[in-house]
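**Q** These protein sequence lines are chains E and A, in that order. 14 is the number of the first residue of the first sequence in my numbering; add one for each residue after it. 8 is the number of the first residue of the second sequence in my numbering; add one for each residue after it.
To be clear, the hints were calculated from the coordinates, so they are not data collected in a lab. Any given hint could be a false lead.
[Stated by the list, open to error] One side of the interface only, derived from the structure: several residues of chain A facing chain E at Cβ under 7 Å:
no. : residue
1   : Ser159
2   : Ser163
3   : Ser269
What you are looking at is a predicted structure, and each value in this text was computed from that prediction instead of being measured. For glycine and all other residues, C-beta sits at the position ideal for the given N, C-alpha and C.
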Amino acid sequence: MRFKTAIAVGLAGMLALAGCSGGGTPATTPAANAGGATTAAGPAGGAEGGAGGDVGVFTWWAEGSEKDGLAELEKLFEQDFPNNTFVNLAVAGGAGSNAKAKLAADLQNNNPPESFQGHAGAELMDYIDADQIEPVNDIIDELGGDSVFPKNLLDLISVDGDIFSVPSNVHRSNVVWVNPAVLAEAGISTDAPADLDAWIADLEKLKAAGVDTPISVGTAAWTQVHLFESILLAELGTDEYNKLFEPGASWDTDAVKSAVSKYAKVLTYANTGGADDWPAATVMVIDGKAGYNIMGDWAVAEFNSKNKTYGTDYLAWPTPGTDGTFLFLADSFTLAKGAKNPEGAKDWLRLVGSAEGQKAFNIVKGSIPARTDVAAGDFPEYQQSAMTSFKEDKIASSIAHGAAANNAWNSEIGTAISKFWTDKDEAGLVSGLVAAADKNNK
Amino acid sequence: MGRVKNWWTGLLMVSPSILLVIVFVYGLIGQNVATSLEAAKTRSGRVLAEGGLANYVELLTWDRYQHALWNLLILTLVFVGGTMFFGLLWALLLEKGVPGEGFFRSVYLFPMAVSFIASGVVWRWLLDPGMGEQAIGLNKLFLMMGMPALQSTWWSSAGKFNMAAMAIPAIWQLAGYVMALFLAGFRGISEDQREAARVDGATEFQLYRHVLFPQLSPIALSALIIVGHMSMKTFDLIYAIAGQNSYVSEVPATLMWVQLFSLNNPVQAAANATILLAVIAVAVVPYLIYTNRTERAGR
Numbered sequence: 014m015r016f017k018t019a020i021a022v023g024l025a026g027m028l029a030l031a032g033c034s035g036g037g038t039p040a041t042t043p044a045a046n047a048g049g050a051t052t053a054a055g056p057a058g059g060a061e062g063g064a065g066g067d068v069g070v071f072t073w074w075a076e077g078s079e080k081d082g083l084a085e086l087e088k089l090f091e092q093d094f095p096n097n098t099f100v101n102l103a104v105a106g107g108a109g110s111n112a113k114a115k116l117a118a119d120l121q122n123n124n125p126p127e128s129f130q131g132h133a134g135a136e137l138m139d140y141i142d143a144d145q146i147e148p149v150n151d152i153i154d155e156l157g158g159d160s161v162f163p164k165n166l167l168d169l170i171s172v173d174g175d176i177f178s179v180p181s182n183v184h185r186s187n188v189v190w191v192n193p194a195v196l197a198e199a200g201i202s203t204d205a206p207a208d209l210d211a212w213i214a215d216l217e218k219l220k221a222a223g224v225d226t227p228i229s230v231g232t233a234a235w236t237q238v239h240l241f242e243s244i245l246l247a248e249l250g251t252d253e254y255n256k257l258f259e260p261g262a263s264w265d266t267d268a269v270k271s272a273v274s275k276y277a278k279v280l281t282y283a284n285t286g287g288a289d290d291w292p293a294a295t296v297m298v299i300d301g302k303a304g305y306n307i308m309g310d311w312a313v314a315e316f317n318s319k320n321k322t323y324g325t326d327y328l329a330w331p332t333p334g335t336d337g338t339f340l341f342l343a344d345s346f347t348l349a350k351g352a353k354n355p356e357g358a359k360d361w362l363r364l365v366g367s368a369e370g371q372k373a374f375n376i377v378k379g380s381i382p383a384r385t386d387v388a389a390g391d392f393p394e395y396q397q398s399a400m401t402s403f404k405e406d407k408i409a410s411s412i413a414h415g416a417a418a419n420n421a422w423n424s425e426i427g428t429a430i431s432k433f434w435t436d437k438d439e440a441g442l443v444s445g446l447v448a449a450a451d452k453n454n455k
Numbered sequence: 008m009g010r011v012k013n014w015w016t017g018l019l020m021v022s023p024s025i026l027l028v029i030v031f032v033y034g035l036i037g038q039n040v041a042t043s044l045e046a047a048k049t050r051s052g053r054v055l056a057e058g059g060l061a062n063y064v065e066l067l068t069w070d071r072y073q074h075a076l077w078n079l080l081i082l083t084l085v086f087v088g089g090t091m092f093f094g095l096l097w098a099l100l101l102e103k104g105v106p107g108e109g110f111f112r113s114v115y116l117f118p119m120a121v122s123f124i125a126s127g128v129v130w131r132w133l134l135d136p137g138m139g140e141q142a143i144g145l146n147k148l149f150l151m152m153g154m155p156a157l158q159s160t161w162w163s164s165a166g167k168f169n170m171a172a173m174a175i176p177a178i179w180q181l182a183g184y185v186m187a188l189f190l191a192g193f194r195g196i197s198e199d200q201r202e203a204a205r206v207d208g209a210t211e212f213q214l215y216r217h218v219l220f221p222q223l224s225p226i227a228l229s230a231l232i233i234v235g236h237m238s239m240k241t242f243d244l245i246y247a248i249a250g251q252n253s254y255v256s257e258v259p260a261t262l263m264w265v266q267l268f269s270l271n272n273p274v275q276a277a278a279n280a281t282i283l284l285a286v287i288a289v290a291v292v293p294y295l296i297y298t299n300r301t302e303r304a305g306r
């Protein structure tokens, strides 16, 4: 007995070491300045060849397609502004959670990077509120203003006529990823169900057919908020959903309550563990363990990396009940107040906001350009359809990704959702959501 | 005369460290307390903290904070109880000089060499709440051993005592350390005493109960304080296992992170930190006084 315990303890120790060695993520090393680049046909404005000096750019794009997209931008930056040196300050960690803590400390200590990534929308208001970023109206005007950026997107990042960031890319949040093979086993049509109730009926059929996990979700709080926002949008409709985020709006409504009970219903078809962050949940669909997963359109990278073909191995539709609405989130870049090299930072913003920069970056990252004048032709099939939707659909803002609610509000919604995950107390979730709104939405 | 001169040299030698401690320990504690009493408002006019002692009242009456305190209590009780129990048990088994003692000692002590954040990654997987077909980690192990009833949702259950599960990895990590302390204690007691007791006709139980254990009580107290204050400060283990923003496993230290970085409320975070410091001081200061006294008495 004693010996067995000893072996068990020893094995667990070895596992700990294995976990340790797998954790390191190599950071991108800033490539040396490609001195004497030949052409500067890229973004116009600013000093010829750039203002010079180091330009520190802070992102949470440290892995996968995001890292590759950033590398494309870096290449272009060094080509268009050979005088500047790009310094990659990326911090790894899910959805920027670690990065934001590091950034908050740097900003607090008056040691800002030249430019940092921020979700366009309410999340940016925290930085504006704390007086940590500068307006960039001149850059936006130089880039073409609201003739190239959607007006409603610019509104989300403006306060009193001052625009506070340059949007770089847009993602869609309300996407269901479907494994048609799993659906076929239960004899379910692979067409998108008309509404939420029809979809819940399909989930029930899958369960009855012996699929243990009809829909997969991560145990990380934000992945659950991500699922919830889709259901909230489906239940309320776009206009009612958007009204929830107008100052003073009440969440204590029957519609919110019924959305919560639909969410509770959907969770009964979900896994109770086994997937911590979104990739693991998406992989459950890829492996045929789950029929559906709701995740933003960056999940396509996960399918691509497993060599799956769109249309045969997997499908994607808007969350049932949200067809015709683009639940969006966008990344944008800011000009940090007190940056050591503001002119260099502006050069970076010029590139990020240029058609050339947005095309190079978004094709690789799997998102779509925030600019509406980038030719869709060169993008892969899914991105082309997303670009069309973004132009034609109604727009709603994502909660989980900082577009609709500021950091504090988002965090409190996350807490209520994470509490609900374990206690399944619908009234508790409603009162948590109402309290979070009352406290933060003024 | 010479004495006075020596005293000055000594003071000169230690003054850099005294200065550093004054600035970086007590200075920063003071700064933290001062911050916790500030009033704070965002530029758009939202009041984050009213200022003064009202900050503490608000924090202490916050149900989320009370929940975090409760979690901390459960975690600390189970963590301290568990490490003391297993530490003493292992020390008892090893102190008789079993063959391969060195090997077992290393095996038990080894987990302490791993950082919480690294072992947390593994325990996150071991303590995954998935059951049945979704089971991984320990639940899967129980299934494979034909004991499905032992499956648990571990720390991510809605029960009031879910934090007891969070203590499992902490116990695994530190029980070996407590064992080492006790083992050193046992070795410090001379063999004559045992023989004397046996000659007097004490049973083995009486020997431990009346001769050995009483002499271990200072060690037990040190172990209790060391493990107890580690438990109260635990942040990395919970962060690694439960991730950010996990309400069910929230303790004051992780809540402080949320207050500071997600809720953008450094004032309330500072109040939280001050209370945490006070709670730990309540445990540690009497111990320091006690050891000081016993040392003086022993001189």
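**Q** Do the numbers back the hint for Ser159 (chain A), that is, is its least Cβ distance to chain E under 7 Å?
**A** violated (11 Å)
**Q** Take the shortest C-beta to C-beta distance between Ser163 (chain A) and chain E; is it under 7 Å?
**A** holds (6 Å)
**Q** Does Ser269 (chain A) pass the interface check with chain E, least Cβ-Cβ distance below 7 Å?
**A** holds (4 Å)
Going down the numbered hints, you'll see the structure goes against just number 1.
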